[in-house]
Amino acid sequence: MSNIQNMSLEDIMGERFGRYSKYIIQERALPDIRDGLKPVQRRILYSMNKDGNTHDKGFRKSAKSVGNVMGNFHPHGDSSIYDAMVRMSQDWKNRETLIEMHGNNGSMDGDPPAAMRYTEARLSEIAGYLLQDIDKNTVPWAWNFDDTEKEPTVLPAAFPNLLVNGATGISAGYATDIPPHNLAEVIDAVVYMIDHPKAKLDKLMEFLPGPDFPTGAIIQGKDEIRKAYETGKGRVAVRSRTEVENLKGGKKQIVVREIPYEVNKAILVKKIDDIRINNKVPGIAEVRDESDRDGLRIAIELKKDADEEIILNYLFKYTDLQINYNFNMVAIDNYTPRQVGIIPMLSSYIAHRKDIIVARSKFDKEKAEKRLHIVEGLIRVLSILDEVIALIRASENKADAKENLKISYDFTEEQAEAIVTLQLYRLTNTDIVTLEEEDAALREQITTLSAIIGDERTMYNVMKRELREVKKKFSSPRLTELQAKAQAIEIDTASLIVEEETFVSVTRGGYIKRTSPRSFNASTVEELGKRDDDEAIFIRNAKTTQSLLLFTNLGNVIYRPVHELADIRWKEIGEHLSQTVTNFATDEEILYVDLVDHFEEGTYYAATRLGQIKRFERKDLTPWRSYKTKSVKYAKLKSDDDRIAAVSPIRLDDVMLVTGKGYALRFNIEEVPIVGPKAAGVKAVNLKDGDYLASAFIANTDSIYILTQRGSLKRMVISLIPVTSRAKRGLQVLRELKSKPHRVFAAGPVFSETEAEELDLFTTADFSDRQAEILEVKSQTLAAYEVNLAELSLSERTSNGSFISDTISDEGVLSARIKSY
20 MSNIQNMSLE DIMGERFGRY SKYIIQERAL PDIRDGLKPV QRRILYSMNK
70 DGNTHDKGFR KSAKSVGNVM GNFHPHGDSS IYDAMVRMSQ DWKNRETLIE
120 MHGNNGSMDG DPPAAMRYTE ARLSEIAGYL LQDIDKNTVP WAWNFDDTEK
170 EPTVLPAAFP NLLVNGATGI SAGYATDIPP HNLAEVIDAV VYMIDHPKAK
220 LDKLMEFLPG PDFPTGAIIQ GKDEIRKAYE TGKGRVAVRS RTEVENLKGG
270 KKQIVVREIP YEVNKAILVK KIDDIRINNK VPGIAEVRDE SDRDGLRIAI
320 ELKKDADEEI ILNYLFKYTD LQINYNFNMV AIDNYTPRQV GIIPMLSSYI
370 AHRKDIIVAR SKFDKEKAEK RLHIVEGLIR VLSILDEVIA LIRASENKAD
420 AKENLKISYD FTEEQAEAIV TLQLYRLTNT DIVTLEEEDA ALREQITTLS
470 AIIGDERTMY NVMKRELREV KKKFSSPRLT ELQAKAQAIE IDTASLIVEE
520 ETFVSVTRGG YIKRTSPRSF NASTVEELGK RDDDEAIFIR NAKTTQSLLL
570 FTNLGNVIYR PVHELADIRW KEIGEHLSQT VTNFATDEEI LYVDLVDHFE
620 EGTYYAATRL GQIKRFERKD LTPWRSYKTK SVKYAKLKSD DDRIAAVSPI
670 RLDDVMLVTG KGYALRFNIE EVPIVGPKAA GVKAVNLKDG DYLASAFIAN
720 TDSIYILTQR GSLKRMVISL IPVTSRAKRG LQVLRELKSK PHRVFAAGPV
770 FSETEAEELD LFTTADFSDR QAEILEVKSQ TLAAYEVNLA ELSLSERTSN
820 GSFISDTISD EGVLSARIKS Y
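When we follow my numbering, the leftmost residue of the sequence shown carries the number 20, and every step to the right adds one.
A couple of the hints might just be wrong.
[Unchecked claim] In silico DSSO-like pairs for lysine-lysine, Cα to Cα no more than 30 Å straight-line:
| no. | residue 1 | residue 2 |
| --- | --- | --- |
| 1 | Lys757 | Lys747 |
| 2 | Lys299 | Lys289 |
| 3 | Lys252 | Lys373 |
| 4 | Lys483 | Lys384 |
| 5 | Lys702 | Lys747 |
| 6 | Lys322 | Lys299 |
| 7 | Lys490 | Lys381 |
| 8 | Lys270 | Lys562 |
| 9 | Lys217 | Lys246 |
| 10 | Lys549 | Lys590 |
| 11 | Lys373 | Lys169 |
| 12 | Lys69 | Lys83 |
| 13 | Lys217 | Lys492 |
| 14 | Lys83 | Lys217 |
| 15 | Lys562 | Lys322 |
| 16 | Lys590 | Lys638 |
Hint data in this document are derived by calculation from the structure and do not stem from the laboratory.
I would like the entire structure built from these sequences, with the hints used as guidance.
Here is the structure:
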């Protein structure tokens, strides 16, 4: 009961997780700054070396090596050990592989390796240099997990493995990403730093200019490399190495020879093929992975006349053909995780090698001194051989002989042991020469080792010599090309759009869609999918390279490229703008839709119900960054109850305004100044109290029509309304009645078929822009009436016209639209 402790859950969790985190950081996921190895890697290399599974002997089953590591040093799952072992054997992950493996050890496509029972492995030759001199008391040792034997806490590391092979890992609160480097360049930098301990980074970068990935490719951004080498953190662009090959028939193909480090080739090829299937960039005919034993090769065959520059730039931007590599150089330094630059890495390695060389020299010197002591005794023995033999023969046993030798001739215990165990063949005349030569060699060795131990300069010369030997034996040419500047990827979005014919429809209520010609031709225009209380205001054949500007009655404009519209069948209702445009109001309606090819030219006018008018230019509506989710203003409304009455491109000179109470004003559009999209404009017409602007249109025909809310319709010659100036009241076009007065419901120009074709007027229900002259009127009781406007007789200016049916006056007008042929 006395062992029960009262602790808060917060304290328990904090203390336990702290211990766990410390273990993960120090003992699992991060490499040591000295040998560049994580504990599992170090244990694998040490265990295989201890078992004699080295490069100069045969391969051994991987399962046996994994079992030895797990049983003796690494109390974790066999899969984690085998995975670490396999990674050390993969030449596309390591610049210098530390393990050689027979069998399937995975691939760049992300294929898993064969099970450990099928593969065989041994240490590579260069791995031997990491373990060199480990048996000479050079490194600290610690007990293994069950205290049955000791394991090294760091390897001697005769080359700077941390930089050569890099590292990746994620622990609690820390992660590391150290790229691989070229062995020769790293050693040159180390040697220079040995000679110049206070070397500047720029000078070191002359020897070590940047990473050298085993997969080659191109690194762009020297300044970012320098930043990463200085701080341990930075980002560079890594671009695939590509070339363009000519094929038969004037076609070309892009060939990828090298891809960025740690990019999965199979996923990359699939992503490129998905781009081809979805036609995200025009011109890709086929994508093939042609890699074989001779090396990596991805062929991207292009269609005839395709622009390889645009395609390549698109693939660089939207696939892993180019990636950003993020330096995050974190390593364990003195049991602590540190983000380090190149200088601390090299300094730590040099300090480590100094400790190794000094400890090794002390071990070798002590061993040589022991042997010299024995050799001195043996040389003395050979000079008094007969006396020694007589003394030994007279002794009772080995112990007595040793004691007699120590007393009679002043030999030490060690020398006496060596003498009594001396084999008879060693008593030949030639042995004295051999012993004297060994004596001289040992004295020279001891002198050399004493110099290494006692003189730092000599020690550093040994370090440099050993490093140069590794470089001479294992150096290889640089694989990765370094480019000073990162090339900005510029893509003309218009060039990415595949030009296709399509049909676009927009309803007044805000439903929009594009439809394939196949779906459109399989239906009639009247079968357009829409709500019963909605009406189509725009139906037009368009190209996917064109764009739409949708003007609403609240003074907002919405931009939609045709190719971005959802491709929906003609009979379906389509997508409502409120699904994407966050500021689309519930009472907002589409007034006018313009199909545009470019934004350089074009002018619009807009008139409001409260009598304001303005002109604005299309270039002010150039697509904005957030166009997908937000509309922008094209006209400011001065009050909450105001609405846009008409908006249209300006084609001719005069504009006609018709008010609800039947006043018509005609003036030259030049009187209206061009202002910015957010301006309200100027006064268009002098409205009476309670009056409003019912319709506005460009006066570009000989006659106009006027429809009242009681269903009375008339056509009159446009010349009856002479051109004056803006802001006037205008002339009456309806006769005022005391009882049930007529009010203008709709008005607009009347075109002949020939005029419509000449003006390129297409199907749209905006009264300023129409193709056909059939006016379809619906009454409040939903009775439908059709009138051919061109066949209407002309009326006087003050005439109220004629009712289109006997009953419509009592029913009232619900809607009116121009119906297409």
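Do the hints match the structure? See the list:
Pair hint Lys757 plus Lys747 holds up; C-alpha atoms about 25 Å apart against a cutoff of 30 Å. Between Lys299 and Lys289 the alpha-carbon distance is near 14 Å, which keeps this suggested pair within the 30 Å criterion. Taken as a hint, the Lys252 and Lys373 pair is honoured in the structure, with Cα atoms around 28 Å apart against an allowance of 30 Å. Distance check on the hinted pair: Lys483 and Lys384 sit about 21 Å apart at the alpha-carbon level, within 30 Å; holds.
Distance restraint check for Lys702 and Lys747: the Cα-Cα separation of roughly 9 Å lies within the 30 Å cut-off, and the hinted pair is therefore satisfied. Between the alpha carbons of Lys322 and Lys299 the distance comes to roughly 14 Å, so the proposed pair stays at or under 30 Å and holds. As the CA atoms of Lys490 and Lys381 are separated by approximately 26 Å, the hinted pair is consistent with the 30 Å bound. For the given pair, Lys270 sits about 26 Å from Lys562 by alpha-carbon distance, which is consistent with the 30 Å threshold.
Taking the CA atoms of Lys217 and Lys246, the gap is about 18 Å. The hint holds against a cut of 30 Å. With a C-alpha separation of about 8 Å, the suggested pair Lys549 and Lys590 falls inside the 30 Å cut-off, and the hint holds. The straight-line distance between the Cα atoms of Lys373 and Lys169 is roughly 23 Å, inside the 30 Å bound, and the hint therefore holds. Taking the CA atoms of Lys69 and Lys83, the gap is near 13 Å; set against the 30 Å cutoff, the hint holds.
Annotation: proposed proximity of Lys217 to Lys492 holds, straight-line Cα distance about 29 Å (limit 30 Å). Taken as a hint, the Lys83 and Lys217 pair is broken in the structure, with Cα atoms around 47 Å apart against an allowance of 30 Å. A C-alpha spacing of about 21 Å is found between Lys562 and Lys322, which places the hinted pair at or below 30 Å, so the restraint holds. A threshold of 30 Å between alpha carbons decides the hint, and for Lys590 with Lys638 the separation of about 35 Å lies outside it, so the pair is violated.
Of the numbered hints stated above, those contradicted by the structure are hints 14 and 16, listed in ascending order.
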